[in-house]
Each structure stands twice: as C-alpha cells, then as structure tokens.
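Assemble the complex: chain C is given as a structure, and chain V with the ligands must be docked to it using the hints.
Read top to bottom, the protein sequences are chains C and V. Letter 115 of the first sequence, counting from 1, is numbered 115 in the working numbering, and no numbers are missing. Letter 279 of the second sequence, counting from 1, is numbered 279 in the working numbering, and no numbers are missing.
Treat the hints as calculated values from the structure; they're not laboratory data. Computed from a predicted structure; not experimentally measured. It is possible that part of the hints are untrue.
[Stated by the list, open to error] Derived, one-sided and incomplete: chain V residues facing chain C with beta-carbon distance under 8 Å:
| no. | residue |
| --- | --- |
| 1 | A62 |
| 2 | L82 |
| 3 | G83 |
| 4 | T91 |
| 5 | A97 |
| 6 | F99 |
| 7 | H101 |
| 8 | F110 |
| 9 | L191 |
[As the list claims (entries may be wrong)] Derived EDC-like pairs: lysine to aspartate or glutamate, alpha-carbon spacing no greater than 20 Å straight-line:
| no. | chain 1 | residue 1 | chain 2 | residue 2 |
| --- | --- | --- | --- | --- |
| 10 | V | K142 | C | E169 |
| 11 | V | K253 | V | D360 |
| 12 | V | K189 | V | D177 |
| 13 | V | K253 | V | E330 |
| 14 | V | K142 | C | D165 |
Yeah, the Cβ is synthetic: ideal placement off N, Cα and C, and Gly gets one too.
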Amino acid sequence: MARQFSISRLPGFGAIALLTFVLLYLPIIILVVFSFNENQSQSIWGGFSLRWYEAAFDNQQVRDVSIRSLWLALVASSLATILATLAALATTRVSRFKGQTIIYALINQPLMVPEVVTGIALLIVVAFIKVQTGYTGMGYLVLAHTAFCIPFAYLPIRARLETMDRTLEQAAADLYASHVQAFRYITLPLLVPGIVAGFMLGFVVSLDTVVITEFVKSAGQDTLPTYMLGQLRRAVTPEMNAIATLFLALSLCIVTLFFLVTSKRG
Amino acid sequence: MSEPQPTPQPEIEITGLSKVFGQGSAAFKALTDIELNIRTAEFFTLLGPSGCGKTTLLRVIAGFEQPSQGSVRINGQEVAGLGPNARPVNTVFQSYALFPHMTVAQNIGFGLKMLGRPADEVAATTADMLKLVQMEAMADRKPSEISGGQQQRVALARALAPQPRVLLLDEPLSALDLKLRKEMQTELKRLQTETGITFVFVTHDQEEALTMSDRIAVMSGGRILQLGSPSEIYNSPSERFVADFIGDTNFLKVKVVEALTETVNVRLPGGALHSARLPDGLRPAAGDDVSVVVRPEQATLGDGAKAHLTGTVTNSVFFGTDTHIHVNLEDGTPFTLRRQNAGNTAPPAPGTMVGLTLADGALQVIRE
Ligand SMILES: Nc1ncnc2c1ncn2[C@@H]1O[C@H](COP(=O)(O)OP(=O)(O)O)[C@@H](O)[C@H]1O
Ligand SMILES: [Mg+2]
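Looking at chain C on its own, in the form it has when it is part of the complex (with noise of 0.2 Å):
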C-alpha cells in the first residue's frame, strides 16, 4: 500500500521549518527580551528592569505619537468600515453587471498597487490641495488611511455577505419587512460579526502603516510607526524596544480578536 502523500516527509523539511520559525521569530524575542533589560545595550543582558517602560511613558513625544496613532486608526478604519459595507452590500446583493470584475479590482486597488506608488501619488495631491488651500490639518492622513483601509475592511465583510443564505432576506420580504426593514433586522446582525472583523483588520493596517503616513504627514503629525522611525535614525535604546514591544502586543490583541470573531460561527 502506497503512503498517503505528505510533506512533512520530504527531506530537508523539518530544517527548513525550523529556519523559518527563526526567521520570523528570532528577532522579535531579542527585541522584546532587550526591552526589559537594566544597562542601554542592545546585546549585553545586564538584568531584569522595568526602566525603559517608565521612559517611554514619561516620555510626553511618544504619547502624543501614540494618542495620534489610535485615534488615526480609529477614525479611518471607521470611515473605511462604513464605506467598505456600502461597497460590499453594492457588489453582492444586486444583479450581476458588466464590469463586476473591474469594479472589485478597483476597490481593492491599494491591495495591488506598490505602497509606494500609492504614497507618492497621493503626496502629489496633498501637496498641491495644500497649496491651493493652505489647509494642513489631520484631514489629509484621515482621508489617506481611509482609502488605505477600504480593502481591508472590504474582504471579510464581502465574504460574510456571500456566504449568506439568500433565503433568509427572501423569508423576510415574504414576511412583509420592507428593503430596509429586512436590511435592518436581518442581513445586518447576520453582517456584524463582518463588519467587525473588517474594522479590526482596517484598524491594524492603519496603526502599522509606514509609508502612506510618511508622504502624506505635515510637520508635527507623526504616528507611532513613522516616530519610531525618525527616533531609529538618531539613537537606539531600549526604549524603543518597549515602545514596540508595546505595539507588538496591541497589534496581537486585535488580530486575536479578529480571529475569534470569524472563527465564531454565525
């Protein structure tokens, strides 16, 4: 009898498994280890100390970055949340259309389109609505983020949408509920487990991304992510280990929460 194929009995594929966990895992242990560390060295273990955290929340830069950060997040992944259910609701419960095809590509553009293209053409715009106007407020990055997240927050609402039985909206209608009755009754608590997962998603890509932030920010309107960047540049310490440390356990907090919530069974 042949064995059924598997390939965890390829050779060489137990090392390369482990080389990966290393990979991945590695450096964010050493990271995390040295945020706890007593002297500033990044490589010498000179004892246990909570120093670098008292640092980093004394420090009055890294909470304004961080306040930035969370309530960017907050505000744009809500934003893209709203509109990615919209976009979902449009793209699933009408008639099939030419260009259905075309119009999920265009949702999902930021999805496809280097980051840094997105970042640049959009620092083009800024920088001439900026002059035309002289506005330099949040508003860019709100907007920005925004649009960033769209596809984040599109996909698992879409999917929880599709996976819907049709019958139910159809039981409702045959039940005398109106389009928007049934919308409010039905399709929508079936959709917020969706909608939820969709918001975490937006509002984790928003926290962690980089570039689209450092195109479009102005002066003084650094998040966490670009803050810790501009600190790297100068000087490492520990502090900054905390500090992403921290992050690191944000991020896992949500994404934990993401996978309760889909993996919860409708």
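Just chain V with the ligands, lined up with the frame of chain C:
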C-alpha cells in the same frame, strides 16, 4: 367527468403564465402557458418530478420572480408589480429559512411585527401559534438548538402567524425522515382544516399528494398536464406521463372497435372486447390504435374461459398485505396485477398459464 365549476371567485387565478430564465441562446422556459384556478380554503398540490417548475411557480405567486407573460390574481387583485411584502401570501421555504439570530418566538412574531401590530398582539398571536404547533416549551431557543422536525413546525407557525390568505409550502416535508413525515402530513392537514387557509403545497412524492390534497395539478417540463381530485388523477390519468408518475400502471395497445359518446369499446391484445373510458377532449374513431392503462388492482386471476387477457406468470413478489404477480401476456407485453393476501392461496408458480379478468371501467384511454 368535469365537476361543476364553483361560482365564487378563485383565491388564486393564473392565466397565460410563462416564465423564461436567461436571454438569447441561454434562455430557458421554466413555465409554459400555465392556467390555474386555486379555490379558497382548498388543499392544492403541485406534483411533479424535480426540475419541472414547481418552485418557480410558487416563487411567481409569492412575488420572488416576475412572470415573463400572463397574470396572477390573488383574491381578485392583479399582483404584478407587488413585492413579496405586499402580497397576502406567506411561504414555508424548503430550507425553512428560519432567522438564526432570533429565538423561536421572535421568528414566529416577525411577520406581525413587520405589519406594525402592537407588541401585546404580537405576543398573544405568537403564544397561540406556539401552542398550535406544540412548541411552547421551545419558545426561547434558537433555531440551531432544535431538531429538524421542530424547525419545520416553527417555519409553519411563522408563516401562519400573520394569517395569510394563502400559504405556499415548497416540499416542506422532504427533509424529514419517514415516520416524522407521516406525522407532519396529518399535522398539516389538521392545520389546514382548522385555519381554513388556502394551502398550495409542492411535492414530488405522489403518495403524499394523493393522501393530502383536495386537488392536484400534475406538472412536467414547465406545463400542467392534468388537474383534478386525487381519485380523478389516479383513476383517470389523461396522459402517459401522469399514469406513469402516479402509482403503478400497466400500459396496453388496443384497437377501437366502436366509439360511443363517453366511452369506446376496444379489442384487447388477446381479442377480447372491453369498454374503455376517455380523457376530456379525446374522441378516437373506430379503427384507431390507442393506448389504455389498467391499475394493477383492477385485474384478478380468473377462469381461462371468461378471461379478458391470458399470459404466463414470470414471478411473484410478496409485499405483506398484498402480492404483485408479474405476467407476460401472449403478445409479450408485461402486466402486473396486485392481489390481496387475506384469504388467498399461494400465488401461481412461474410458468403457469393464467387468465386475467378486468374490472368494469378498468380501462382508461390516454393521450400519448
Ligand atoms: N433563477 C434561475 N435561473 C435559471 N434557471 C432556473 C432558475 N430557477 C430555476 N431554473 C430552472 O428552471 C427549472 C425549474 O426549476 P424549479 O422550479 O426549481 O423546479 P422544481 O421545483 O420543480 O424542482 C429547472 O430546470 C431550473 O434549472
Ligand atoms: Mg423545487
């Protein structure tokens, strides 16, 4: 043969209805020239094999599909352009389509809530419905927490709660096991009689159709082939398809020897003469070759001299209450007869020559 037409307005009146899906070369005609009057408070069944257009016809009545041609009137009102939510019709879906995020009680009350009825009325009617389908104990469960048979009852209660004029049921029992199905058949019939609501019931199960319906429309290929009471459909099938689809049937080729007003006299394969009934609108002349059908219980093993048909027994199959005896007629046509076991002796052994006697009125001429 046709019964007196009722003078009151039909509950549902369908005229010249056709439904085409798709366009151009991909166009598919799912319904062709449907003419149908469904009477108030009757148990009406659409019977036909899978893919014959039963669901499509229900969906047109419910308002989920627009007819390509023809009109649908419900209680005298033309419903073209009315959405499903504006028709006094409720559907029990084949998949039940219970709202998974609502409790049993919320599902049942949904229709009344959408109609804007006050909360106390919704609660009272929901309680009545729960009682009607014996689901009081499950009111606060979610659909995923009850069995298939219970989901079926909830779907029924949900559709009945707004007291529609017509209830449309799309193969509601097909997902249930045999025992539960029999129970629900009785239950449905009881509910229909109690509520006086017109039921339009879809099934591909001929036995279910025969036992439950006041009238049956037999469908095939998007057309209605025959419409009548269960006994009319069973005893006087007008077409080969209907005779074949409903019950077991023997087909015989015969020659018309004399055409009377309501019947014809025909010569059977062995030469014997017998009277045969005619379907509406078919008037064969003397000398025509026609096909007739005979139900297996209409023939008895008889005396060779008086027999209408003779043949050789090929085998017998025991079915408990009765035995099916398979015979090859002299010209080679297979023929099955059904004999009650009570009081009868053992069936004749294979190879035995037997005579078959046909009951009066056993023969029905069919359209090919
Ligand atoms: N939306 C549709 N588009 C194209 N063809 C359809 C559609 N709905 C049904 N049909 C076709 O119409 C025919 C009748 O379908 P249906 O009414 O569901 O049959 P039944 O309920 O009797 O099994 C089938 O051949 C089916 O493939
Ligand atoms: Mg069907």
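Each hint tested on the structure:
A least Cβ separation of about 6 Å between A62 (chain V) and chain C falls short of the 8 Å threshold, and the interface hint therefore holds. Because the closest C-beta pair between L82 (chain V) and chain C is about 11 Å apart, greater than 8 Å, the hint is violated. Using the Cβ-Cβ criterion of 8 Å, the hint placing G83 (chain V) at the interface with chain C is satisfied: the shortest such distance is roughly 6 Å. Evaluation of the T91 (chain V) hint against chain C yields a held restraint, the C-beta minimum of about 5 Å falling below 8 Å.
Of the supplied interface hints, the one on A97 (chain V) holds, with its beta-carbon coming within about 4 Å of a beta-carbon of chain C, less than 8 Å. Because the closest C-beta pair between F99 (chain V) and chain C is about 6 Å apart, less than 8 Å, the hint holds. Checking H101 (chain V) against chain C: minimum C-beta separation of about 5 Å stays under 8 Å; hint holds. With a least beta-carbon distance of about 5 Å to chain C, the hint placing F110 (chain V) at the interface is held under the 8 Å criterion.
A least Cβ separation of about 18 Å between L191 (chain V) and chain C goes past the 8 Å threshold, and the interface hint is therefore violated. For the hint pairing K142 (chain V) with E169 (chain C), the CA-to-CA distance comes to about 18 Å; that is within 20 Å, so the pair holds. A distance of roughly 18 Å separates the Cα atoms of K253 (chain V) and D360 (chain V); the hinted pair therefore holds under the 20 Å criterion. With a C-alpha separation of about 18 Å, the suggested pair K189 (chain V) and D177 (chain V) falls inside the 20 Å cut-off, and the hint holds.
Among the hinted pairs, K253 (chain V) with E330 (chain V) is consistent with the structure: their alpha-carbon atoms are about 13 Å apart, no more than 20 Å. Note on K142 (chain V) and D165 (chain C): the hinted pairing holds, with a Cα-Cα distance of about 17 Å set against a maximum of 20 Å.
Of the numbered hints listed earlier, those contradicted by the structure are 2 and 9.
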